[in-house]
Amino acid sequence: AQSVSQHNHHVILSEAASLELGCNYSYGGTVNLFWYVQYPGQHLQLLLKYFSGDPLVKGIKGFEAEFIKSKFSFNLRKPSVQWSDTAEYFCAVNGRSSNTGKLIFGQGTTLQVKP
Amino acid sequence: EAQVTQNPRYLITVTGKKLTVTCSQNMNHEYMSWYRQDPGLGLRQIYYSMNVEVTDKGDVPEGYKVSRKEKRNFPLILESPSPNQTSLYFCASLRSQGSYEQYFGPGTRLTVT
Chain A
6 AQSVSQHNHH
16 VILSEAASLE
26 LGCNYSYGGT
36 VNLFWYVQYP
46 GQHLQLLLKY
56 FSGDPLVKGI
66 KGFEAEFIKS
76 KFSFNLRKPS
86 VQWSDTAEYF
96 CAVNGRSSNT
106 GKLIFGQGTT
116 LQVKP
Chain B
168 EAQVTQNPRY
178 LITVTGKKLT
188 VTCSQNMNHE
198 YMSWYRQDPG
208 LGLRQIYYSM
218 NVEVTDKGDV
228 PEGYKVSRKE
238 KRNFPLILES
248 PSPNQTSLYF
258 CASLRSQGSY
268 EQYFGPGTRL
278 TVT
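As they're listed, the protein sequences go chains A and B.
Just so you know, we're using this note's numbering here: the first sequence kicks off at 6 and counts up by one.
Just so you know, we're using this note's numbering here: the second sequence kicks off at 168 and counts up by one.
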């Protein structure tokens, strides 16, 4: 079955702490991987994406993610979080050969950054 | 500006009263989709459409209908809403080929009492 699992449901950090959010997926075939962020009361915004090439991808606002194919993982990282990073983060996957583009989402991780 | 719009943004209604949530995109995308977001479950796809007059069920289609008469519009219809359809709904659009990057609308928060 196709699925995405985010291991951390609620993370609380102090400003300047480092962040790593785990994401593992189960999907047959070649995949595209995404991280989305949802700030309070706002819609989903794309943080970064991986289609092919360098498995370390950099996104907006200092975020990066590493695709490890052997571990079916796509963890999100940021060296130093800010209070403004408080949001919900979603990992998502779709199939490269899919002609529908359907995204499978993880359950989401709520990040709370204390000033 | 490229965007996906949804209306209304907030809606409180009663059980059984038919409602429609509109979705429109200005990017000439072939593919459009509806998701619902529930705490602890992430986003789940309700219906999708690959082009005009082509629609299909997603993972949680029960209680919903859609139509795609024009390329830019993809309304979500709840014929007889029930409290378990209280949720946050997102419309999304996507080019049929290329980056597979989906563009999401601002969301519609629906409460059914």
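Rather than coming from a laboratory, the hints here were simulated on the basis of the structure.
These figures come from a predicted structure and were not determined experimentally.
Positions of the beta carbon are idealized from the N, C-alpha and C atoms, including for glycine.
Hints are not guaranteed to be accurate.
To be verified - Okay, the calculated bits of chain B under chain A, using three or more residues with CB under 8 Å as the criterion:
1) 191-199
2) 242-250
To be verified - Far from chain A, by Cβ distances over 10 Å, these chain B residues were calculated:
3) E168
4) T182
5) V219
6) V227
7) Y231
8) K232
9) T253
10) A259
11) L261
12) E268
13) Q269
14) T280
Consistency of the hints with the structure:
1. Coverage of a stretch by a chain is defined here by at least three residues with a beta carbon nearer than 8 Å to that chain's beta carbons; for the region 191-199 of chain B and chain A the count is 1, and the condition is violated.
2. Coverage of the region 242-250 of chain B by chain A is violated. Counting CB-CB distances below 8 Å, 0 residues qualify, and the rule asks for three or more.
3. With a minimum CB-CB distance of about 14 Å to chain A, B/E168 clears the 10 Å threshold, and the non-interface call stands.
4. Every beta carbon of chain A lies more than 10 Å from that of B/T182, the smallest distance being close to 26 Å; the non-interface claim holds.
5. Look at B/V219: its CB is around 15 Å from the nearest CB on chain A, clear of 10 Å, so calling it non-interface holds up.
6. A cut-off of 10 Å between C-beta atoms confirms that B/V227 is not in contact with chain A; the least separation is 12 Å.
7. For B/Y231, the requirement that its beta carbon stay farther than 10 Å from each beta carbon of chain A is met, with the minimum near 16 Å.
8. Taking the minimum C-beta to C-beta distance to chain A, about 19 Å, the non-interface status of B/K232 holds against the 10 Å cut.
9. Look at B/T253: its CB is around 17 Å from the nearest CB on chain A, clear of 10 Å, so calling it non-interface holds up.
10. Residue placement check: B/A259 does not keep its beta carbon more than 10 Å from all beta carbons of chain A (closest about 8 Å).
11. Its closest Cβ contact with chain A, about 4 Å, brings B/L261 to no more than 10 Å, contrary to its assignment away from the interface.
12. Separation of B/E268 from chain A is inadequate, the least Cβ-Cβ distance of about 6 Å not exceeding the 10 Å criterion.
13. At the 10 Å boundary, the C-beta of B/Q269 falls inside the reach of chain A, the nearest C-beta of that chain being 6 Å off.
14. At roughly 22 Å, the least C-beta separation between B/T280 and chain A is larger than 10 Å, which holds for a residue marked as non-interface.
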